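Participant: Dock chain B against the given chain A, drawing on the hints supplied.
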Amino acid sequence: MNSAKAKKRAGRILIFILKILVAVIMFSPIIWVFSGGFKNLTEFTTSSDIIPKNVTLENFNYIFFHSNYYLYVRNTVLLMAGTTLGTLISSSFVAYPLARMEFPGKNLIFSLIVGTMMIPGIALIIPQYIMFGKIGWLDSLLPMIIPSFFAYPYNVFLFRQFFRSIPKELDEAATIDGCSRLGVFFKVLVPLSKSTFTTIGVLSSVFWWNELTQPVFYINSDKWRTLTIALMTTFMYTSGNAFVINWPSIMAASSLMILPPMLLYLFGSRFLVEGIKTSGLKG
Amino acid sequence: MKNEKRKPINKKKLTNHLTAYAFCAPWFIGFICFTLFPIVFMFAVSLTNRKLNGISNFVGFANYVNMVQSPTFWNSIKVTLFFTVVMMVVTTIWAVILAMLLNYKQKLNGIFQFCYFLPSVIPTVALAYTFRTIFGKEAGLLNAIISQLTAKNVMVNWLYDKRTIYLAVFFITLFTYNTGQMMLIFRSGLNDVPRELYEACDIDGASPFRKFFGITLPMISPIVLFNAVMGCISALNGSFALLYPLTGESGDPNGMTQVLSLLIYKEAFSNMKVGYACALSVVLFLIACGFGIGIFAVSKKLVYYEN
Numbered sequence: 001m002n003s004a005k006a007k008k009r010a011g012r013i014l015i016f017i018l019k020i021l022v023a024v025i026m027f028s029p030i031i032w033v034f035s036g037g038f039k040n041l042t043e044f045t046t047s048s049d050i051i052p053k054n055v056t057l058e059n060f061n062y063i064f065f066h067s068n069y070y071l072y073v074r075n076t077v078l079l080m081a082g083t084t085l086g087t088l089i090s091s092s093f094v095a096y097p098l099a100r101m102e103f104p105g106k107n108l109i110f111s112l113i114v115g116t117m118m119i120p121g122i123a124l125i126i127p128q129y130i131m132f133g134k135i136g137w138l139d140s141l142l143p144m145i146i147p148s149f150f151a152y153p154y155n156v157f158l159f160r161q162f163f164r165s166i167p168k169e170l171d172e173a174a175t176i177d178g179c180s181r182l183g184v185f186f187k188v189l190v191p192l193s194k195s196t197f198t199t200i201g202v203l204s205s206v207f208w209w210n211e212l213t214q215p216v217f218y219i220n221s222d223k224w225r226t227l228t229i230a231l232m233t234t235f236m237y238t239s240g241n242a243f244v245i246n247w248p249s250i251m252a253a254s255s256l257m258i259l260p261p262m263l264l265y266l267f268g269s270r271f272l273v274e275g276i277k278t279s280g281l282k283g
Numbered sequence: 001m002k003n004e005k006r007k008p009i010n011k012k013k014l015t016n017h018l019t020a021y022a023f024c025a026p027w028f029i030g031f032i033c034f035t036l037f038p039i040v041f042m043f044a045v046s047l048t049n050r051k052l053n054g055i056s057n058f059v060g061f062a063n064y065v066n067m068v069q070s071p072t073f074w075n076s077i078k079v080t081l082f083f084t085v086v087m088m089v090v091t092t093i094w095a096v097i098l099a100m101l102l103n104y105k106q107k108l109n110g111i112f113q114f115c116y117f118l119p120s121v122i123p124t125v126a127l128a129y130t131f132r133t134i135f136g137k138e139a140g141l142l143n144a145i146i147s148q149l150t151a152k153n154v155m156v157n158w159l160y161d162k163r164t165i166y167l168a169v170f171f172i173t174l175f176t177y178n179t180g181q182m183m184l185i186f187r188s189g190l191n192d193v194p195r196e197l198y199e200a201c202d203i204d205g206a207s208p209f210r211k212f213f214g215i216t217l218p219m220i221s222p223i224v225l226f227n228a229v230m231g232c233i234s235a236l237n238g239s240f241a242l243l244y245p246l247t248g249e250s251g252d253p254n255g256m257t258q259v260l261s262l263l264i265y266k267e268a269f270s271n272m273k274v275g276y277a278c279a280l281s282v283v284l285f286l287i288a289c290g291f292g293i294g295i296f297a298v299s300k301k302l303v304y305y306e307n
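Listed in order, the protein sequences are those of chains A and B. At position 104 of the first sequence the residue is numbered 104 (full-length UniProt numbering), and the sequence of numbers has no breaks. At position 144 of the second sequence the residue is numbered 144 (full-length UniProt numbering), and the sequence of numbers has no breaks.
Excised from the complex, chain A in its bound form (with noise of 0.2 Å):
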C-alpha cells in the first residue's frame, strides 16, 4: 500500500516537472519578443542574450512618436469592434431557429453552415477581391466588417450548441408568459448565455486584431493600415537602410501587440472553458 502511495507521489511530481518544462517551452518566444524590444539593432543581431545589456528606448520612442501608430490602432480597433459586433449580433440570431425551432428546411441549413465551415477564406479570396473592387470596397475596411454582420459559420455553430444545452422548459415557460419568439430570444437566451457571448467576443476580437491575410489582400494605403501590415512594413525598415531589417523595431512593436490579447484573455479566462460546450457534439 505504501509503496503504490509512493508511486503516486512521484507520478504527481513527475506530471509537475512535466508541465513546467512545457510552461518554459510555450512562454519563452513571448520572453524573447519583450527583451527583443529594449536592444537597440546592434546587439540585437550580435547577442542572444534573454537581459539587454544596454537598454533602449529608442524602438518604442520610434512606434510612439515618429510613426502613425495611433493611426493604425485605430485601423485595428475599428476592424476588431465591427467584426466582433456583427459576428455577435448575425451569429446569435441565425443559431436560435436551429437550436430551438423546427422548420421545413432546418436540417439542410444546418448542413450548408457546417459545409461552409470547411472552405477555407483564402481560397474564395480572389474571386471576392475582384467583386468587392467592382463595388469600390477595396482599400477599406468594408470587405472584412460587412461580411461579418452575415453570419460566421463557425460562431453559428459554436452559439447553437451551447442554446442547445439551455433547458427547453425555460423558453415554455416565457412563452406561456406571453412571450414572443423574439422576447424569448431576448428574455431568455441571452441572459443566459452570457458566457458564450463572451468567449465568442474574446475570440473574435483576438482573431481580428492579429488578422493578417484579408488586410494584406484588401488594404493597400497606409490610411487604413492595420497594425498587422504595419509589422510588416512600416515598422521593418526604420533603421534608415532599406535592406536592414529592424528587427528590434519590429519586437517593439509585437510586445504592444501582444498586450491588448493577453489583457482580453486575462478578462475572459473564466469564461473561456465554460463558454465552449462540446457535450451537444456527441451524437
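It is worth saying that the hints were derived from the structure and are not from the lab.
Among the chain A residues that face chain B by a calculated CB cut under 8 Å, a handful are:
id, residue
1, Ser90
2, Pro97
3, Ile109
4, Trp247
5, Ser254
6, Met262
Cβ pair distances, simulated, as ranges:
id, chain 1, residue 1, chain 2, residue 2, range
7, A, Val190, B, Gln148, 51 to 57 Å
8, A, Asn241, B, Asp192, 55 to 61 Å
9, B, Ile97, A, Asn241, 39 to 45 Å
None of the values given here were measured: they were computed from a predicted structure. The beta carbon of each residue, even a glycine, is placed where N, CA and C say it ideally should be.
Facilitator: Just chain B now, kept in the frame of chain A:
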C-alpha cells in the same frame, strides 16, 4: 371544409416557419453573396486570362493546361498536402497533451494555463518574426541554447536549411492560434468524461496508457474529429498568415514551404495573373472539399458516439 378547419393551425405553423426563416435570413444572404456567388465567379474567372488591372479575355481551359504543366504548381500541391496533414496531426496531438496536463488538478494550474494559452493569442505575423530571430543563424536563441548545452559553436540557419526547415516550421505551428483553441475545446471535452469510468479502471489496476487508449480517447473521439476538421481548415487557411512573413511568397528555401495560398498570392499580385490565380483557387477549393469528405469518411469508422 376540411381545409378551413385546419387553417388556424396551419397559419400558426406558417408564422412559426416564417419567423425561423427570418432569423436565418442574415446567414442566407451572406451565404449567397459571400460564398455561393464567389464560388461560381471563381470558376468563371478561371476560364479567362484576367489581369490585375481588370482586362480579361475568355481563354477556355488554358489556365488549367498551363497549371498542370508547371512544376511550381505540382511542388505546391505536394507541399500543401504535406503541410496540412502534418500540421493537423502535430497540433492536435500537442493540444491533447496540453489539455491533459492542465486537467490534471494541481497547484498553480491558472498560471500554467496562462503560459500554455498565451502564445496562441500572439499575432501570427509577430510569431513568425519572433521565430525568424529565434531560429536565426547569428545571435539566434536556439543556436545559443544548443551551443551552451553541447559546448560547441552551433551555427544552423534553421529556416533556410533544407534539412531543418520542416522541423522548424512544424515546431512553430505548436504556438499558433489554432492550437490554443483546440486545447480549450479538449479541456472542456475531457471534463465531460465520466469519473466513474476511471474509478472502475483504477480498481482493475490499469496502467495510465491503457486508461488513455481504453477510456479517454474513445470518449473524446467526437471532439478529436471536430478539432481535426478545424485543424485541417486552419492549416489550409492560416498557413498564409504564418508562412508569408516567415518564408516569403516564394516559400524559401527552394519553394519547400510554398503552399497553394502563397502561390495564389504571388500569381495574383506579383505576376498580376488573376485568372491563373483563380484556377489555383479552384484547386485549393477542391482540395479542401477532398479533405472534408475524407475526414468524415474516416470518422464514420473510428468515432465513438454515445446513444
